[in-house]
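Chains as they are written, first to last, in our numbering: chain A, 1 to 109; chain S, 1 to 161.
The hints are simulated quantities; they were obtained by calculation from the structure and are not laboratory data. Cβ coordinates follow ideal geometry from the N, Cα and C atoms, glycine included. Please note that a few of the clues may not be correct.
Chain S regions said to be covered by chain A (calculated; three or more residues, Cβ under 8 Å) [unchecked claim]:
id, stretch
1, 9-15
2, 20-27
3, 32-42
4, 86-93
5, 110-116
6, 121-133
Ranges between beta-carbon positions, derived for each pair [said to hold, decoys possible]:
id, chain 1, residue 1, chain 2, residue 2, range
7, A, N105, S, M110, 45 to 55 Å
8, A, T61, S, L77, 33 to 43 Å
9, A, I106, S, S119, 44 to 54 Å
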Amino acid sequence: MFFQNGLELKLIYFLIISAVLFCIGMYGVLTKRHLIHVLLSVELILNAVLINLVAFSSFTTPDKITGQMFAVFVIVVAACEVGVGLAIILSVYRKKRTVDINNVNILKW
Amino acid sequence: MVIKGKHILHSAFYLAVTLLCVAIYFIMLRAQYLAAVQILVYIGSVIVLIIFALMLTRTNVRDSTNISNNQKIFAALIAMVLFVSLTIVFSYSKINVVVENSSGIKIVSMKEFASILFSRYTLPFEVASVLLLAALVGSVVLAMKEKKEVEEETAKGEGDD
Numbered sequence: 001m002f003f004q005n006g007l008e009l010k011l012i013y014f015l016i017i018s019a020v021l022f023c024i025g026m027y028g029v030l031t032k033r034h035l036i037h038v039l040l041s042v043e044l045i046l047n048a049v050l051i052n053l054v055a056f057s058s059f060t061t062p063d064k065i066t067g068q069m070f071a072v073f074v075i076v077v078a079a080c081e082v083g084v085g086l087a088i089i090l091s092v093y094r095k096k097r098t099v100d101i102n103n104v105n106i107l108k109w
Numbered sequence: 001m002v003i004k005g006k007h008i009l010h011s012a013f014y015l016a017v018t019l020l021c022v023a024i025y026f027i028m029l030r031a032q033y034l035a036a037v038q039i040l041v042y043i044g045s046v047i048v049l050i051i052f053a054l055m056l057t058r059t060n061v062r063d064s065t066n067i068s069n070n071q072k073i074f075a076a077l078i079a080m081v082l083f084v085s086l087t088i089v090f091s092y093s094k095i096n097v098v099v100e101n102s103s104g105i106k107i108v109s110m111k112e113f114a115s116i117l118f119s120r121y122t123l124p125f126e127v128a129s130v131l132l133l134a135a136l137v138g139s140v141v142l143a144m145k146e147k148k149e150v151e152e153e154t155a156k157g158e159g160d161d
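The whole structure should be built from the sequences, with the hints applied where relevant.
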C-alpha cells in the first residue's frame with residue numbers, strides 16, 4: 001500500500017519523516033544532560049514542524065502559500081530562540097562552571 | 001546521529017547534515033525559497049552560533065561530552081509510543097488532499113511570495129522583526145559580563161601568572 005505508485009511523493013511520507021524527526025528530538029530532550037545538546041534536540045523538533053507546515057501547504061492548499069509563510073516565521077522564532085538560549089547557557093556556565101543540567105537546579109524547590 | 005554522536009561537536013555537525021536534508025525536502029515540496037532560507041539561516045548562522053558556544057563552554061576536551069541521564073528507557077518508550085500512534089493516525093486519517101502527487105505541486109515564485117508577505121502578512125512581519133531585535137538585545141545583555149565578575153577574573157588571572 002505504501003509503494004504502489006512507484007516513486008511518486010505523497011503527503012504521508014512527509015508526515016512520517018516529520019514524525020520520526022519529532023520523536024528523535026523528543027528522545028534527545030528527555031535524555032540528554034548537556035545543555036547545548038538539549039538545544040540541538042529542540043532544533044530537530046522545530047524542523048519536524050517546518051516539514052509538516054510546508055508539506056500540508058503544498059499538498060492541501062497549493063494556491064495559497066500560508067504554510068510557507070508560517071514556516072518563515074517559525075524559522076525567525078527558532079533563530080531568536082537559539083540566540084537567547086545560547087546566551088543563557090553562557091551565563092549559566094560563567095556562574096557555575098558547568099553545562100550539566102543536573103547541576104543547574106537553583107529553581108528546584 | 002545527532003543524539004548519539006560521541007562528542008557534542010560531532011552532534012552539531014550531524015545536525016547540520018540533518019538540516020541540509022530538511023532543505024532538500026523543501027525542494028522536493030517545490031518550496032525553493034524556503035530551502036534557501038533554511039540553508040542560510042540554519043546552517044549559516046545557527047550551527048555556527050552553537051559551535052561558538054561549545055568552544056566557549058568546554059571544560060575538558062578529553063571527556064566524552066555526550067552524557068545522558070538514567071531515564072533512557074522511559075524516554076525511548078515514550079518516543080516510540082508517540083511515533084507509532086502518530087503513524088496510525090496518519091494512515092487512518094482522511095486529509096483533504098488536493099494534489100495527489102508531487103508532480104502537481106505548483107512552484108511558488110519569489111515574486112508572488114514577496115507580494116503576499118508584504119501585503120497580507122505585513123503585521124506578522126513587523127512583529128517578527130521586533131522579536132528579532134528584542135532577542136538580540138536580550139542575548140547581549142545576558143551574555144555580557146558583570147563588572148565585578150570581570151574584575152574577579154582579572155585578579156585571578158594575575159594571581160595565576
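Verification of the supplied hints:
1. Counting residues of the stretch 9-15 of chain S whose beta carbon lies closer than 8 Å to any beta carbon of chain A gives 3, which meets the minimum of three for the stated coverage.
2. Residue count for the stretch 20-27 of chain S with a Cβ under 8 Å from a Cβ of chain A: 3. That meets the three needed, and the coverage hint holds.
3. Counting residues of the stretch 32-42 of chain S whose beta-carbon sits less than 8 Å from any beta-carbon of chain A gives 6, enough to reach three: the coverage restraint holds.
4. Beta-carbon proximity to chain A at under 8 Å applies to 4 residues in the stretch 86-93 of chain S; the threshold of 3 is reached and the given coverage holds.
5. Using a Cβ-Cβ cut-off of 8 Å, 3 residues of the stretch 110-116 of chain S lie near chain A, which meets the minimum of three, so the contact claim holds.
6. Counting residues of the stretch 121-133 of chain S whose C-beta lies closer than 8 Å to any C-beta of chain A gives 5; at least three are required, and the coverage claim holds.
7. Judged by the Cβ atoms, the range 45 to 55 Å given for N105 (chain A) and M110 (chain S) holds: they are separated by roughly 49 Å.
8. Between T61 (chain A) and L77 (chain S) the CB atoms are about 36 Å apart, so this pair conforms to the stated range of 33 to 43 Å.
9. A hinted range of 44 to 54 Å for the beta carbons of I106 (chain A) and S119 (chain S) is consistent with their spacing of about 48 Å.
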